[in-house]
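Visitor: Since chain A is already given, all that's left is putting chain B on it; use the hints.
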Amino acid sequence: MLPYVARRTLQGAVLLLLVSFLSFAVMNMAPGNAMQTFINPRMSPTEIARAEAALGLDKPLPVQYVGWLGSLVQGNLGYSVRNGQSVSALIGQRLGPTLLLNVTAFVLVVIIALVIGVYSAARPYSLFDYLATALVFAGISIPSFFFGLSLIYIFAVQLGWLPTSGFESYGKNLSGPALWADRAAHMVLPVAVLTLTGIAAILRHVRSSVGEALRQDYVRTARGKGVSEMQVLTKHALRNGLIPVITMLGLSLPSFFAGSVITETIFAWPGMGRLLVDSVFARDYPVAMSINLITAVLVVLGSLFADLLYGVVDPRVRYE
Amino acid sequence: MRRHTLLAAALTAGIISGIAYGQSCPKVGGTVTLAQNSEPGNLNPLIFPTTYDTNIQELVFNALVKPTGDLDYEGDLADSWTFSKDKKTITFKLNRKATWHDGKPVTARDVAFTFTSLADPKYNGGSYSEVQGIRGAVAYHDGKAKSVSGIRVVDDYTISITTDKVYAPILATLAGIRILPEHIYGKVPVENWQKDATNRNPVGSGPFVFKTFRSGELIELEANKNYFEGRPCLDRIIVRFGDANTMLAALVKGEVDAAPVPVPSVATVKSNPKLKLTTVNQLSFDYVGTNLRNPVLADPAVREAMAYAINRDAMVKGLMGGYGTVVDTVFPKSHWAYPKNVERIPYDPALARKTLEAAGWKLSGNTRSKAGKTLKFRLFYTTGNPVRERSAALIQANLRQVGIQVDLQAMDFPTLVTYLLPKDAKGTPRAVRASDFDLFILGFGIERDPSEYLSYFVPSDQPPNGYNFTGYTAKDGGDLLRAGQETVDTAQRRSLYNRFGLLMRKQLPWIPLTQPQALYAHQPRLHNFAPDIRGVNVNVTQWWVE
Chain A
1 MLPYVARRTL
11 QGAVLLLLVS
21 FLSFAVMNMA
31 PGNAMQTFIN
41 PRMSPTEIAR
51 AEAALGLDKP
61 LPVQYVGWLG
71 SLVQGNLGYS
81 VRNGQSVSAL
91 IGQRLGPTLL
101 LNVTAFVLVV
111 IIALVIGVYS
121 AARPYSLFDY
131 LATALVFAGI
141 SIPSFFFGLS
151 LIYIFAVQLG
161 WLPTSGFESY
171 GKNLSGPALW
181 ADRAAHMVLP
191 VAVLTLTGIA
201 AILRHVRSSV
211 GEALRQDYVR
221 TARGKGVSEM
231 QVLTKHALRN
241 GLIPVITMLG
251 LSLPSFFAGS
261 VITETIFAWP
271 GMGRLLVDSV
281 FARDYPVAMS
291 INLITAVLVV
301 LGSLFADLLY
311 GVVDPRVRYE
Chain B
1 MRRHTLLAAA
11 LTAGIISGIA
21 YGQSCPKVGG
31 TVTLAQNSEP
41 GNLNPLIFPT
51 TYDTNIQELV
61 FNALVKPTGD
71 LDYEGDLADS
81 WTFSKDKKTI
91 TFKLNRKATW
101 HDGKPVTARD
111 VAFTFTSLAD
121 PKYNGGSYSE
131 VQGIRGAVAY
141 HDGKAKSVSG
151 IRVVDDYTIS
161 ITTDKVYAPI
171 LATLAGIRIL
181 PEHIYGKVPV
191 ENWQKDATNR
201 NPVGSGPFVF
211 KTFRSGELIE
221 LEANKNYFEG
231 RPCLDRIIVR
241 FGDANTMLAA
251 LVKGEVDAAP
261 VPVPSVATVK
271 SNPKLKLTTV
281 NQLSFDYVGT
291 NLRNPVLADP
301 AVREAMAYAI
311 NRDAMVKGLM
321 GGYGTVVDTV
331 FPKSHWAYPK
341 NVERIPYDPA
351 LARKTLEAAG
361 WKLSGNTRSK
371 AGKTLKFRLF
381 YTTGNPVRER
391 SAALIQANLR
401 QVGIQVDLQA
411 MDFPTLVTYL
421 LPKDAKGTPR
431 AVRASDFDLF
441 ILGFGIERDP
451 SEYLSYFVPS
461 DQPPNGYNFT
471 GYTAKDGGDL
481 LRAGQETVDT
491 AQRRSLYNRF
501 GLLMRKQLPW
511 IPLTQPQALY
521 AHQPRLHNFA
531 PDIRGVNVNV
541 TQWWVE
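Taken in order, these protein sequences are the chains called A and B.
Per UniProt numbering, residue 1 is the first one in the first sequence, and the count goes up by one each step.
Per UniProt numbering, residue 1 is the first one in the second sequence, and the count goes up by one each step.
One chain only, chain A, in its complex shape (with noise of 0.2 Å):
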């Protein structure tokens, strides 16, 4: 198991080199650089220049490489161009209402995925399974621009039930229980169009995948020997049906870190998707460079981690 590890950890660390120097070689490819968002008829273009040169923009590219590259070794992230702060700072500041939508929505969708997932394909083409199907077409279909606002015009504006968009309820000072509720209040929206974009995906797995387990011939034989249909499911399909979801689970880490850019945009919530566009945007490579890196490992951790997690539910899965 540890050689094992140690092997896919080395692998992992070439991929993010590769990873970075293919990120910083396509973002580098886009013409125009953060400097140049700034001209204004009151700023001479040499100013311009001596800026770019104060930030080192105007080195070869493979000179900057290095240069964030061997900055990154230190743990230094490099500042943001745009507004000279420390991109860990930065990252910092918007980990947290990130991590409290993503996950949230995440769990939801996992319950909901697994709980509807596994009563279709217990049952498949009933009217259940069919209302199922139904709601994974719609997650996949509606673009979540259209969802989002079509929530906040319904429950925000319509209905006043909620409020539009925000962390939290601006210039109330609410503190303890009540900043804590008014927080709730504010992840309803973002969350639930999350959720519903999110379950498509994994509940077509769990369906299918579980499905395929009740059609296996050990299962047959449990049903075969008197085992209650409520043992097949969970002692048997569920186990062996599961496990291709596992990976899915693990690969959707990132997605913790990196935020949704769509819901957190629509709902102006402070957290890493919008941070992504904005510096993308924004020409500015320091921030949106970190936020890749660090996702690549993240995506590196959650395969890693799936995998390892495939052994202990399938122990036939040994890793030399």
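Keep in mind the hints are simulated off the structure, nothing from the lab.
Quantities reported herein were computed from a predicted structural model and do not represent experimental measurements.
Accuracy of the hints is not assured; some may be wrong.
[Said to hold, decoys possible] Distance condition first, Cα-Cα at most 30 Å in a straight line; then the derived DSS-like pairs of lysine-lysine:
no., chain 1, residue 1, chain 2, residue 2
1, B, Lys423, A, Lys59
2, B, Lys475, B, Lys88
3, B, Lys423, B, Lys475
4, B, Lys373, B, Lys354
5, B, Lys362, B, Lys376
6, B, Lys97, B, Lys253
7, B, Lys146, B, Lys165
8, A, Lys172, B, Lys211
9, B, Lys27, B, Lys104
10, B, Lys85, B, Lys66
11, B, Lys506, B, Lys376
12, B, Lys426, A, Lys59
13, A, Lys172, B, Lys506
14, B, Lys165, B, Lys93
15, B, Lys195, A, Lys59
16, B, Lys211, B, Lys66
17, B, Lys376, B, Lys354
18, B, Lys274, A, Lys172
19, A, Lys235, A, Lys225
20, B, Lys122, A, Lys59
21, B, Lys253, A, Lys172
22, A, Lys172, B, Lys276
23, B, Lys195, B, Lys211
24, B, Lys27, A, Lys172
25, A, Lys172, B, Lys225
26, A, Lys59, B, Lys144
27, B, Lys27, B, Lys211
Guide: Same frame as chain A, now just chain B:
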């Protein structure tokens, strides 16, 4: 209790600023929440200020002078000023009541510190050219002098600024430089300003005191109760950042008191009896820039024909919902330099065709050509502004009707800049070539004084030396602008810039399009909300809430 506070506030107010204050502040206290579509980058006004930054900075900081509604200048930190006989030295007397938010007095040394910092060899915040005209600034900047000789602290409350030559836009320039406290910013090396905590925790002298900046969420400001012009009526301002549609929803719901309105949402606001819509003239307009290095575009007939063929009225009516106006030269109509007698550019496709025919551009198929050259251009435009994006499509259709083929190329602003201010393979800025671009749509915001145009219309200011993207080299335009910069008399300046405006209408290096209005909606509980050409917060100290 509450009555006591009110009474005390009213009394203090009365003492500070007399009766006028009492009239403009029927009620003191309360919080206003404003919406802004993007968050500021940093709050040091001397580091690459963008509009989003400036909207906040102007609440926290003051300049020496500030613009009036008709773009003259009145005192801000300065009580009064006098020009020397040779018009090269201007001496300011500072308001002795002005204090920094930490209670220390604002002195002439703070002003000198601010201007000197801009000329510092290590300063890299983009505003050096603002002070370049001050005597000795270049020498100091180049490390050849220990101080800027043209900046002289006379006493604690008097400072004089001397320019190398007569520089008419001096007040306009100084209005754009917000003064920083030396005892705070002087402790941070100027090259570190952008990264320093002070840029997210500013200390100024303005009507509002900075409290918090929560990234992605809001900025919170509190009334400066000791403000030298009298305390603001409000207690607190919260500026939220969010997508335009979301912020409009928050406004309708009452979570936000005022928000900018995108043109497509005007109908929503108008149909809501609870919201008030304010339209504001702006000092900006859109134009089509031409690459005059391209011999085809250098033909005046081609530019004229394009101007006649573009239906700018349709842009205003159809794309801008009527919230704007057509411009016929390079000045917005709300600017004092706008020549009232300028001849309208007609929308007249027939005249466009006639002009092209007369100049020898013959139609074959869908495209006109002459001596082997065809009227086929690329039009670059920036994304993110729906009106401009649709204008580009309209221009393409309009020009096709008269036999000019246009390929549209959409890009974001930084990308467009790489065509207008090109670099060679090594990354060194180089001169623009005829092949770099043909036509582009950009907006121009004339912020304070028409002398800003120098960089756009003087032959020597072509990239990489300036912003003369089009490659305008006719001598007469630059001469008028130079004369304008060196003429102090207001009437003479107006006449010079009027002539420049008429010349641009004739030569058309820029084909002027439209001047948009800014739209804001606000809740009726917010009173005295009256943005104008100077910005959204111009009379912020008089806002009050029920």
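Visitor: Determine for every hint whether it applies to the structure shown.
Guide: We went through each hint and held it up to the structure:
The suggested pairing of Lys423 of chain B with Lys59 of chain A holds, with an alpha-carbon distance near 13 Å, which does not exceed 30 Å. Taking the CA atoms of Lys475 of chain B and Lys88 of chain B, the gap is near 26 Å; set against the 30 Å cutoff, the hint holds. Restraint check: the Cα-Cα separation between Lys423 of chain B and Lys475 of chain B comes to about 27 Å, which is no more than 30 Å; the hinted pair holds. At roughly 18 Å between alpha-carbon atoms, Lys373 of chain B and Lys354 of chain B fall within 30 Å of each other, so this suggested pair holds.
Restraint check for Lys362 of chain B and Lys376 of chain B: the C-alpha separation of about 13 Å stays at or below 30 Å, so the hint holds. Between Lys97 of chain B and Lys253 of chain B the alpha-carbon distance is near 41 Å, which puts this suggested pair outside the 30 Å criterion. In summary, the hint linking Lys146 of chain B to Lys165 of chain B is supported, as the alpha carbons are separated by about 21 Å, within the 30 Å threshold. Taken as a hint, the Lys172 of chain A and Lys211 of chain B pair is honoured in the structure, with Cα atoms around 15 Å apart against an allowance of 30 Å.
Note on Lys27 of chain B and Lys104 of chain B: the hinted pairing holds, with a Cα-Cα distance of about 29 Å set against a maximum of 30 Å. Only pairs whose Cα atoms come within 30 Å are accepted, and Lys85 of chain B paired with Lys66 of chain B is accepted, the gap being roughly 23 Å. This hinted pair checks out: Lys506 of chain B and Lys376 of chain B have alpha carbons roughly 23 Å apart, not beyond 30 Å. Straight-line distance between C-alpha atoms of Lys426 of chain B and Lys59 of chain A comes to about 9 Å, which keeps the hinted pair within the 30 Å bound.
For the hint linking Lys172 of chain A to Lys506 of chain B, the alpha-carbon distance of about 58 Å lies beyond 30 Å, and the restraint is violated. Distance check on the hinted pair: Lys165 of chain B and Lys93 of chain B sit about 22 Å apart at the alpha-carbon level, within 30 Å; holds. Note on Lys195 of chain B and Lys59 of chain A: the hinted pairing holds, with a Cα-Cα distance of about 20 Å set against a maximum of 30 Å. This hinted pair checks out: Lys211 of chain B and Lys66 of chain B have alpha carbons roughly 24 Å apart, not beyond 30 Å.
At roughly 18 Å between alpha-carbon atoms, Lys376 of chain B and Lys354 of chain B fall within 30 Å of each other, so this suggested pair holds. For a cut-off of 30 Å, the pair hint linking Lys274 of chain B to Lys172 of chain A stands: about 22 Å separates their Cα positions. For the proposed pair Lys235 of chain A and Lys225 of chain A, the alpha carbon gap of about 14 Å is at most 30 Å, so the pair holds. This hinted pair checks out: Lys122 of chain B and Lys59 of chain A have alpha carbons roughly 19 Å apart, not beyond 30 Å.
Restraint check for Lys253 of chain B and Lys172 of chain A: the C-alpha separation of about 16 Å stays at or below 30 Å, so the hint holds. In summary, the hint linking Lys172 of chain A to Lys276 of chain B is supported, as the alpha carbons are separated by about 24 Å, within the 30 Å threshold. The hinted pair formed by Lys195 of chain B and Lys211 of chain B meets the criterion: a straight-line CA distance of about 19 Å does not exceed 30 Å. Note on Lys27 of chain B and Lys172 of chain A: the hinted pairing holds, with a Cα-Cα distance of about 20 Å set against a maximum of 30 Å.
Restraint check: the Cα-Cα separation between Lys172 of chain A and Lys225 of chain B comes to about 21 Å, which is no more than 30 Å; the hinted pair holds. For the proposed pair Lys59 of chain A and Lys144 of chain B, the alpha carbon gap of about 28 Å is at most 30 Å, so the pair holds. Restraint check: the Cα-Cα separation between Lys27 of chain B and Lys211 of chain B comes to about 23 Å, which is no more than 30 Å; the hinted pair holds.
The structure does not agree with the numbered hints 6 and 13 stated previously, though it agrees with the rest.
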